[in-house]
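Visitor: In case you want the letters, here they are:
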Amino acid sequence: MSKKRKISLSEEELVLSLQHREKIAVEALYDMYSASLFGVISRIINDTAIAEDVLQETFVKIWHSFSSYSTEKGRLFTWMVNIARNLAIDKIRSKDFKNQNKNQEIENNVTFIDEQRNTVYKPELMGVKDLVQTLKPEQKLIVELVYFKGYTHVEAAEELGMPLGTIKTRLRMAIMELRKHFN
Amino acid sequence: MEDLKAYIESGILELYVLGDVTPAERLQVEEMASKHPAIKAELDEIERSIELYAEENAIEPSEQLRNRVLGSLLTNFGDDNNFPTPTHVQHENVVAMQPNADKGTNFYKYAFAACLALLLASAIALYNLYTRLNDTNTQLSAMQAQNQHFSNTVSAKDSELNLLRDTSYKLIHLRGTAKSPESIMTVAFSPSKQKVVIDMEGLKLPANDQNHQYQLWALVGGKPVDLGVFDATSDSSGFKNMKAIAAADAFAVTLEPRGGSASPTLSEMVVLGKY
Chain H
1 MSKKRKISLS EEELVLSLQH REKIAVEALY DMYSASLFGV ISRIINDTAI
51 AEDVLQETFV KIWHSFSSYS TEKGRLFTWM VNIARNLAID KIRSKDFKNQ
101 NKNQEIENNV TFIDEQRNTV YKPELMGVKD LVQTLKPEQK LIVELVYFKG
151 YTHVEAAEEL GMPLGTIKTR LRMAIMELRK HFN
Chain F
1 MEDLKAYIES GILELYVLGD VTPAERLQVE EMASKHPAIK AELDEIERSI
51 ELYAEENAIE PSEQLRNRVL GSLLTNFGDD NNFPTPTHVQ HENVVAMQPN
101 ADKGTNFYKY AFAACLALLL ASAIALYNLY TRLNDTNTQL SAMQAQNQHF
151 SNTVSAKDSE LNLLRDTSYK LIHLRGTAKS PESIMTVAFS PSKQKVVIDM
201 EGLKLPANDQ NHQYQLWALV GGKPVDLGVF DATSDSSGFK NMKAIAAADA
251 FAVTLEPRGG SASPTLSEMV VLGKY
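Going line by line, the protein sequences match chains H and F. Letter by letter, the first sequence follows residues 1 to 183 of my numbering. Letter by letter, the second sequence follows residues 1 to 275 of my numbering.
Derived by calculation from the structure, the hints in this document are not laboratory data. Here a beta-carbon is modelled for each residue, glycine too, at the ideal position from N, C-alpha and C. Keep in mind that the hints are not guaranteed to be accurate.
Stated by the list, open to error - To spell it out: a stretch of chain H is covered by chain F in this simulated footprint if at least three of its residues, at any positions, have a beta carbon under 8 Å from a beta carbon of chain F; those stretches are:
no., stretch
1, 8 to 19
2, 35 to 47
3, 61 to 74
4, 169 to 181
Chain F on its own, in the form it takes in the complex (with noise of 0.2 Å):
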């Protein structure tokens, strides 16, 4: 007796009561009070003052619920194994989102990683596109400067053929002096536009250095008027204008100082031709 004693004493009854044993211990509680009816007993008194306190502290609930539960209850009343409360669908429903949500996310990874796949692939190919646009703009830039080269030419060959058929136009022979027999130059004048034109490639002049240039002269009435300087250089071509004049009985082409002289120094005469 004295062990029942103390395990009445050692308070497992009450919690048994409250419900807050373990299963074992609750298999244990419930094997003593069918052994022993002293804590049959006791487990009585503290079940009835357990519920006594409850009657003491008890709310009502408000009247409609009264109608919900016993609604709830008897509606179901043929139904009693699946009967569904509405937090447990609204849980199902919770639950049955997860999967589409996961796969959404996959999907949203995987067109995550094909956008950079197609982003990297264009670069690619807009940096392909890039240098090939690069390199025919450079071809065309070049063509360019050659068709102007080409069209230059041919607009020069033009105004050299155009002077040649000039019918005003007189070509004049100018023949090396004793100084430099070898030279010869060709100058074509037209007294009716007053224009003087020297073929510059057909000259034949003793390169001149840098401090001197070749000056071309006009005797009218045996006083000399300057028409001009010119360098006499191995790649130079085409024709060049020289001062205007209306009449000339004489041209002479001396080597002055660069930039030219006031008056011919007839020493350094090279070429001379009469009109």
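For reference, chain H alone in the conformation it holds in the complex (with noise of 0.2 Å):
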């Protein structure tokens, strides 16, 4: 887990090596955008299996449909976050990843429904509750809703009964708020 051993290039770098297809570029996606991306699709998906899973396929989507994203349409990780959200959210909803959850072996209840309710210790999530904490609570719920559990706009606004406006502007204040907190 050093960090040495990992590969960074810059974003330019990296595309461009994409593009010509050199293995060495493979490694340095993976080293720079696994965690992030695991930490995207581990809040929609909790087994940490299944999630694997799904970063798995989304680094053989992203290496095979490369050749479809340009720098023209914006930052790479932008368009691999949302290859990762669409991955995890077509797992959870597919036939499959409910007919699991259906069949769980009974001793593995508890821990199942600790998971399933986010009660679960996890230390790594400690900056980002912080983080979430200093928006405010109409902000938060939205962010937590679109981007925790891989809502759409249209159905987080279902889901709190609000007009689609109120959900939009939320969610740009929201990001707002996180731009101020990075800069």
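Could you use the hints to bring the two separately framed chains together as a complex?
Guide: Put into structure tokens, the structure is as follows:
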């Protein structure tokens, strides 16, 4: 897990070597983005094994459809995170996943329910919780739904019983907060 | 510029970055971004904040996963176009089973129909057989009864013949008295066997009524001895054994009240014959 072993390139270099389909680009891509993407996938899928499967599928899809990415469309991470989120959401909505949840062994149920309700202590989430605390409650709710739970803004509006416009405004406000925080 | 500001503040750019827009909206945002540097810059800002946010929320996957993912990417390095993931193979397997399952249910449908038809045909055949068996049983019992009747008749005729052949028997013809001159009957008497038999078939006596019966008497030393009662009917047949007696001088028949009398009513004597 030492940082030194990991390969890091600038985004431009990475995109270029991926377009040339160089082996080193694959390793750099994984080392630079696997943790960020896994963080997003893990928010949507609580089961670590399934989340890891989805992460693998994400990298496979990124690698095979890389030709459809261009720097003009935006940042590389934005393109990749949308692939990851879509695969994760597809997974939790798939028949397989739902059936799997129905067939939980009784012994696993306690931890399973704990995981479902996010009561498991995850040290890596500490920072997030703090950050989300800095958001106003109504912004926090929308970020939770749209970013953590994989809702679309239309679904979030239905869930919260709010007009679409309000959802959009609040989401924008929340992201403005984050921008302030990072600057 | 007011329009651009309103467009930025509508929140569409954030949704675009989160991938939560329709294809039409996507094209619109991309067109606006290529036309207006301000929107391009705003998009870039949003993307960076999302990326930083994700970095802050990063979770390190397990060390083995790195090898697994890199292995699966690099193994198929030269074979990009058909990369099958294990999950996809499973899905294809599941789908491939579907038509077989359909065929199976069809087969069972037809098999079930065939079984029903067979069952119906069997039931009809069984019913026919049962009816015929009943007919045959009826015929058989009728024939058995007939057979029984024949063997009875034969054995009766046999015993009659034996009686006639038996030399110890003597046939005595009782003739009608003045009271009924037309009457006649035959008595077979064997003193050695002490047996008295009357021939019912050759009997010619006036038919008796419900309250009266004929009674056979033996005259032994001038005294009448009761030998039993009998009815004279048109359909009587065969021989009838009467009471035993060792010796007799003559036989006579009188008409007595039903059940017989202790002594004969001589005025009602119908036939008489000497031994």
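Visitor: Starting from the hint list further up, note which numbers the structure goes against and sort them upward.
Guide: 1
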